[in-house]
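J.: Chains as they are written, first to last, in my numbering: chain A, 1 to 395; chain B, 396 to 790.
Note that these hints are calculated values from the structure, not bench results. Don't take every hint at face value.
[Unchecked claim] Listed below are the simulated DSSO-like cross-link pairs for lysine-lysine, each with C-alpha atoms no more than 30 Å apart in a straight line:
#1 A:K223 - B:K638
#2 A:K116 - A:K243
#3 A:K254 - B:K473
#4 A:K223 - B:K486
#5 A:K81 - A:K91
#6 B:K618 - A:K330
#7 A:K116 - A:K223
#8 A:K78 - B:K667
#9 A:K378 - A:K9
#10 A:K9 - A:K192
#11 B:K638 - A:K192
#12 B:K618 - A:K254
#13 A:K262 - B:K453
#14 A:K9 - A:K272
#15 A:K192 - B:K618
#16 B:K751 - A:K91
#17 A:K195 - B:K618
#18 A:K195 - A:K81
#19 A:K116 - B:K751
#20 A:K327 - B:K453
#21 A:K272 - A:K254
#22 A:K330 - A:K223
#23 B:K653 - A:K81
#24 A:K272 - B:K473
#25 B:K404 - A:K117
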Amino acid sequence: MTRPYEGIKIIDITHVLAGPFAAYQLAVLGADVIKVENPEDCDQSRNTGYDPELNRTNMGTGYLTQGSNKRSITLNLKTEKGREILMALVKDADVLVENFRPGAFPALGIGYEDMKKINPTLIYCSMTAFGQDGPRGTQTAYDHVIQALSGIMAITGTPEVSPLKTGTQVIDYATGTMAAFAISTALFQREKTGKGQYIDSSMLDVALMMLGSNITGFLHTGKHPRPSGNDHHYASSSLYETKDGMVMLAASNKGQHTRLFKALGRPDMGDKDYDHRIANREPEAELLKGVLAERTADEWENYLQESHVPAGRVRTMGEALQDPQLKTRKILHRHPEVPGVGENVTVPMCAFKLAHGGPSIETPPPRLGEHNDEILGKLGYAASDIAALRDAGVI
Amino acid sequence: MSRPFEGIKVIDITHVLAGPFATYQLALLGADVIKVEQPGEGDQSRESGPDHDLNQAKMGTSYLNQGSNKRCITLDLKTAQGQEIMRRLAKSADVLVENYRAGALRALGLGYDDLRVHNPGLIYCSLTAWGQDGPRGDHTAYDQVIQGYSGVMSITGTAESGPMRCGPQLLDFGTGTTAAFAIASALFHRERTGEGQHIDGCLTDTAFVLMSAQITGWLRTGKELGPQTTGRGNASHSAYETKDGTLMVGASNRGQHKRLFEALGRPEMGDKSYEYRRENRDAEAAFLSDIFATRTAQEWEEFLQARHVPAARLRTVAEAVNDPQVAHRAIHHRHNDAPGVDGPFTVPVAAFKFAKDGPRVDTPPPPLGAHNDEVLTELGYGAADIAGFREHGVI
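Using the sequences and the hints, build the whole thing.
T.: This is how it looks when you write it as C-alpha cells:
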C-alpha cells in the first residue's frame with residue numbers, strides 16, 4: 001500500500017517550529033521533502049533543545065523533533081546562483097512552504113508570482129505571524145508572543161496567577177497542522193482543477209480559531225471570558241484533590257452526570273439540566289470535594305472509568321509516556337542510530353493512525369547540507385560545479 | 396474553479412467540539428456536511444454557552460461556533476429503521492466522521508467494516524479520547540481530562556500554582572484540525588488510488604504531538620520538565636512588566652537579539668549565541684526588567700515591532716478580537732437573521748486564506764433536524780415514509 005503523498009515533492013524553506021512541523025507531517029505520509037537552509041545561518045532550531053552538545057553540532061533536539069524523512073540542502077538565497085538553484089528545484093516541485101517575513105521572498109524574486117511563471121501548478125504556502133498584509137503585516141512574532149497578544153494567556157490560570165503561558169508551543173503546532181491541512185486541501189483541489197494555489201496562513205488566525213467558542217460567546221453576549229483555573233462552571237467537570245494527587249473530572253453530558261452521582265451513591269443529584277448545574281454549582285462541588293478526598297487518584301480514575309465517567313489522574317509528561325496505552329498508538333518512533341547524534345533519539349510522529357498506508361519514518365533527521373551532492377547532482381550539476389558553489393558560499 | 400471539497404458528501408455523527416470542528420473546516424471548503432443528531436436531544440454543544448436562552452432553544456453559542464454551512468437531520472441510531480437510513484446515507488457518502496466511544500457504532504452494525512461493504516471508497520474517521528483499542532480503548536474523556544492525563548497541565552502554571560489547565564480547549568481544537576488534515580489526505584489518496592480508508596484519531600495522540608519538542612528533549616536527556624513559565628529560557632524570549640502591563644518579547648534568533656539590544660542602546664549585549672544567553676540569563680534579565688519598566692507596554696510593542704523585534708502587549712480576548720489586524724484577516728463571519736436565533740451573531744471561519752476558492756461561510760447553523768425532509772427525500776424516501784419515521788421517533 002502506498003502512503004498519500006508518495007511522489008509529491010515539497011520544497012521546505014521554513015525554520016523554527018510551525019513550518020518544519022507542517023512539512024514533517026507531509027513527510028511521514030510519504031512526501032519527498034527537501035529542507036533548504038542558509039549555509040551560514042541554518043534553521044535556529046538546530047541550535048536549540050535540551051542537549052547542549054547537540055546544539056553545538058547543529059543537531060539540537062528542537063530540530064530532531066521534526067527532521068525525520070527529510071533531505072537537507074544548503075542554499076544562500078541572497079546570491080543569484082542560490083536563487084537559480086532554487087528555481088531549478090521548484091520547476092518540478094508540487095509544493096513550496098516558506099515562513100519568512102511577508103515580502104521577503106518577492107523582494108528576492110522568489111515570491112509566488114515569480115514561481116508560478118515557471119511552475120503554474122505549484123502550491124505555494126506562506127506561513128507568518130499575522131498574515132501577508134494588513135496593519136500588522138510587517139510585524140513578527142513567535143508562539144509565546146501570539147499567546148500573549150491573542151488573549152490565550154489571559155484566560156489561562158486562576159485570577160491570582162493569570163496570565164499564564166501554555167506550557168507547550170501550542171500555536172506553533174496548531175499552525176503547522178492547519179498548514180498541512182491547507183496544503184493537502186490544495187493538492188486535492190489541484191487533482192480536479194489542474195491549478196496551483198497560494199496559501200496565506202497565520203498564527204494569529206490559528207489562535208483566534210482556537211479561542212472560537214470563547215469568542216463566539218463573547219461577541220454574542222459581551223461577557224468577557226475569564227481565567228477559571230482548573231474549575232469549570234459545571235462542578236462535575238472540574239479538578240479535585242484526592243488522598244494523594246489530583247483527578248480531573250468531566251461528567252459533562254446528561255448520561256455521564258447521571259452515572260457519576262449513581263457511582264458516588266447519590267443518584268438523586270444526577271442528570272441535572274445544564275443551566276441547573278450552573279445555578280447549583282456550590283452544593284455539587286462541596287459533595288465532590290468531600291467524597292473524592294477519601295481515595296487515591298488512581299483508585300478514582302479506575303472506578304469512574306469503569307462506570308463510563310470521564311476522569312483522569314493528573315500526571316507528569318514522563319508518567320504519561322509510560323502509560324501502557326501508548327504502546328498501542330504509533331505515536332513515537334525510536335531511531336536506532338542518527339548520524340551526527342548517535343543512539344537514543346525518539347521522536348513523535350503523527351496524531352492519527354490509518355488502516356493502510358499510514359504515517360511511517362524511514363530516514364533520520366539529516367545533517368546540515370547532507371544531501372547537497374545528491375540533489376544538485378540530480379539537477380545536472382557536475383562535481384566540479386558543486387565544489388565551486390561550495391567555495392563561493394552558495395551552498 | 397470551485398472550492399476543494401465541492402461535490403464531497405460528509406456524514407457527521409459527531410458532538411461537542413473536536414469532531415464538529417473537523418467537519419466545519421470541510422464545510423467551509425465546499426463539502427456537503429450532513430450533521431446527524433439524536434431526535435429530541437441533539438449534540439450537547441447546542442445547550443452550552445453563555446446565552447441561556449439560546450441553550451434552552453438548543454442553539455447555544457458552542458454549537459453556533461462550528462455549525463455554519465452544515466445541514467442537520469435527526470436519526471435514532473438505536474432503532475432498526477434509523478440504522479437502515481444511516482446505511483443508505485453512508486452508501487451515498489464520501490466521508491463519515493464519528494466520535495462515539497470505541498466500538499459503539501460497530502455494536503449497532505455501523506462500524507467501518509459494516510459500511511465499507513456497500514461503499515469501498517468510504518473514508519471513515521473515528522475520533523476518541525485514547526484510540527480504538529488498547530488498555531484504555533473503552534475509556535472516555537474530554538479535553539481537560541486529557542490535558543491532565545497527558546502532562547500538558549504539568550508543564551503549565553508556576554511552581555506555586557501547580558498544574559494548570561490551558562484556557563482554550565487546545566486538544567479538541569488540535570484533534571479537529573488533525574482530523575481535517577487526515578481526511579483531506581485520505582481524499583487525496585483515494586483520488587489517485589480509488590481506495591477508502593479508516594482513520595483512527597484521538598485526543599491523547601494530539602496531546603503528545605503538541606508536546607513534541609518537550610518529549611524529544613526529555614527522552615534524549617531524561618530531564619523531567621516542570622512548568623514552562625515565561626520566566627524560563629532566554630531572557631530576550633520572556634515576559635516583562637512595563638509601566639502599565641505585561642510585554643511579551645521574542646528576540647530569539649541572532650538577528651533579533653542583535654536588533655533588540657541595538658534598539659535599547661546596548662549593542663555590545665546583542666548577537667550572542669544561544670548557549671551564552673542561557674549562561675548569562677540573569678544579567679540580561681536584570682537589564683531588560685529595568686528598561687521595560689520605563690514605558691508602557693503599547694509603546695514598547697510599537698517601538699520594538701518597528702525595529703523588527705517580535706513583541707506584543709499582553710491582551711484580553713476582547714482586546715485581541717478588536718485588533719484591526721483581525722478585521723483585516725476576515726477571520727470572523729457575521730450572521731444576521733439566522734433561523735432559530737434572535738439577533739446577529741459572529742463565528743470564526745478558518746485560519747488560512749487561499750488566493751481563490753478558499754474557505755467561506757454560505758449558510759447559518761441550522762436548528763435541530765432542520766433538513767430532515769430535504770435529506771431523506773434525496774435518499775429516495777417518500778413523504779409518507781418520512782411522516783412514519785417522525786411518528787415513530789426514528790427522526
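J.: Each of the hints needs a verdict: does it hold here or not?
T.: Results of checking the hints against the structure:
Between K223 of chain A and K638 of chain B the alpha-carbon distance is near 27 Å, which keeps this suggested pair within the 30 Å criterion. Distance check on the hinted pair: K116 of chain A and K243 of chain A sit about 64 Å apart at the alpha-carbon level, beyond 30 Å; violated. With a CA separation close to 18 Å, the supplied pair K254 of chain A and K473 of chain B stays within the 30 Å bound. Under the criterion of a C-alpha separation no larger than 30 Å, the hint pairing K223 of chain A with K486 of chain B is inconsistent with the structure, at around 44 Å.
With a C-alpha separation of about 15 Å, the suggested pair K81 of chain A and K91 of chain A falls inside the 30 Å cut-off, and the hint holds. Using a Cα cut-off of 30 Å, the hinted pair K618 of chain B and K330 of chain A holds, with the two alpha carbons roughly 23 Å apart. About 47 Å separates the Cα atoms of K116 of chain A and K223 of chain A, which puts this hinted pair outside 30 Å; it is violated. About 23 Å separates the Cα atoms of K78 of chain A and K667 of chain B, which keeps this hinted pair within 30 Å; it holds.
Among the hinted pairs, K378 of chain A with K9 of chain A is consistent with the structure: their alpha-carbon atoms are about 14 Å apart, no more than 30 Å. At most 30 Å may separate the alpha-carbon atoms for a hinted pair to count; K9 of chain A and K192 of chain A meet this at roughly 19 Å. A threshold of 30 Å between alpha carbons decides the hint, and for K638 of chain B with K192 of chain A the separation of about 56 Å lies outside it, so the pair is violated. Simply put, K618 of chain B and K254 of chain A have alpha-carbon atoms about 42 Å apart, too far for the 30 Å limit, and the pair is violated.
For the hint pairing K262 of chain A with K453 of chain B, the CA-to-CA distance comes to about 27 Å; that is within 30 Å, so the pair holds. The suggested pairing of K9 of chain A with K272 of chain A is violated, with an alpha-carbon distance near 55 Å, which exceeds 30 Å. At most 30 Å may separate the alpha-carbon atoms for a hinted pair to count; K192 of chain A and K618 of chain B exceed this at roughly 49 Å. For the proposed pair K751 of chain B and K91 of chain A, the alpha carbon gap of about 22 Å is at most 30 Å, so the pair holds.
Taken as a hint, the K195 of chain A and K618 of chain B pair is broken in the structure, with Cα atoms around 49 Å apart against an allowance of 30 Å. At most 30 Å may separate the alpha-carbon atoms for a hinted pair to count; K195 of chain A and K81 of chain A meet this at roughly 29 Å. Distance hint between K116 of chain A and K751 of chain B is fulfilled; the C-alpha atoms sit about 14 Å from each other, no more than 30 Å. Between K327 of chain A and K453 of chain B the CA atoms are separated by roughly 40 Å; this puts the pair beyond 30 Å, and the hint is violated.
For the proposed pair K272 of chain A and K254 of chain A, the alpha carbon gap of about 7 Å is at most 30 Å, so the pair holds. Between K330 of chain A and K223 of chain A, the direct Cα distance comes to roughly 42 Å. Violation of the 30 Å bound is thereby established for this hinted pair. A C-alpha spacing of about 28 Å is found between K653 of chain B and K81 of chain A, which places the hinted pair at or below 30 Å, so the restraint holds. Among the hinted pairs, K272 of chain A with K473 of chain B is consistent with the structure: their alpha-carbon atoms are about 24 Å apart, no more than 30 Å.
The straight-line distance between the Cα atoms of K404 of chain B and K117 of chain A is roughly 35 Å, outside the 30 Å bound, and the hint therefore fails.
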